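A.B. asks: Residues per chain, in single letters:
Protein chains: 2
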Amino acid sequence: MERLDPKFDANGLVTAVVTDVTSGELLMVAHMNAEALDLTRTTGEAHFWSRSRSELWRKGATSGNTLKVAEMRIDCDQDAIWLKVVPAGPACHTGADSCFFRKIASDGALSEG
Amino acid sequence: MERLDPKFDANGLVTAVVTDVTSGELLMVAHMNAEALDLTRTTGEAHFWSRSRSELWRKGATSGNTLKVAEMRIDCDQDAIWLKVVPAGPACHTGADSCFFRKIASDGALSEG
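As they're listed, the protein sequences go chains S and D. Counting from 728, one number per residue, gives the positions in the first sequence under our numbering. Counting from 728, one number per residue, gives the positions in the second sequence under our numbering.
Bear in mind the hints are in silico, worked out from the structure with no lab data behind them. In this text, all values refer to a predicted model and were calculated from it rather than measured experimentally. Don't take every hint at face value.
Note that the list lumps identical chains together, so a pair holds whenever it fits in one copy or between two copies.
Unchecked claim - Pairs of lysine-lysine, DSS-like flavour, derived with a Cα cap of 27 Å: (1) Lys830 - Lys734; (2) Lys830 - Lys811; (3) Lys795 - Lys811; (4) Lys734 - Lys811.
Using the sequences provided together with the hints, build the complete structure.
C.D. replies: Quick look at the structure:
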């Protein structure tokens with residue numbers, strides 16, 4: 728039986744990609760250390776490592792906008808995790824449903840929607 | 728007009744998340760330096776920075792499995808890019824359509840499908 732064997736980077740992190748299990752929308756990209764990954768796997772609630780605050784972070788601990796994990800997947804070289812989640816509210820700290828609320832035009836202009 | 732102003736990390740990279748514009752499936756996660764991002768934006772073909780080979784990489788240059796960019800989006804803090812693409816073939820070097828072909832069970836076992 729193949730087992731989870733994450734390849735953490737020099738900072739001890741893997742990339743976590745979060746999509747809405749219902750809409751398929753990309754909600755956010757974050758990072759996980761070994762503890763965040765273990766807690767996410769065992770509790771079914773998304774946990775991350777905050778690079779800016781240098782602390783373990785249960786998503787929604789302060790905002791209430793938790794992410795319930797419906798499915799976890801891992802990529803070919805085991806350095807990226809895909810979480811399909813049921814969000815309890817807007818995933819982005821700006822209040823948007825997704826952090827990816829801006830489109831990039833070919834000239835580099837950004838636009839919402 | 729708001730402009731693209733990517734926040735590259737200490738290695739000069741942002742994270743790139745690639746989904747299939749038709750199925751919505753997460754295909755792969757990779758990294759871009761400023762040049763890869765510029766080339767992707769201006770040519771409409773996905774370019775990345777290979778961390779293992781330390782070189783700029785036009786996806787599909789050797790395999791033929793290029794990624795035509797239908798839409799580019801950026802996240803709230805401008806350190807992650809979302810590419811919605813039309814893949815010319817399997818996105819994963821293993822031959823799988825997606826690099827995320829394995830599910831993680833809560834006990835850490837991996838399974839395909």
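A.B. asks: So, for every hint listed, does it hold in this structure?
C.D. replies: Now the hints, each set against the structure:
no.	hint	verdict
1	Lys830 - Lys734	between (31 Å within a copy, 16 Å between copies)
2	Lys830 - Lys811	both (22 Å within a copy, 11 Å between copies)
3	Lys795 - Lys811	both (8 Å within a copy, 25 Å between copies)
4	Lys734 - Lys811	both (20 Å within a copy, 26 Å between copies)
Going down the numbered hints, you'll see the structure goes against none, and every one checks out.
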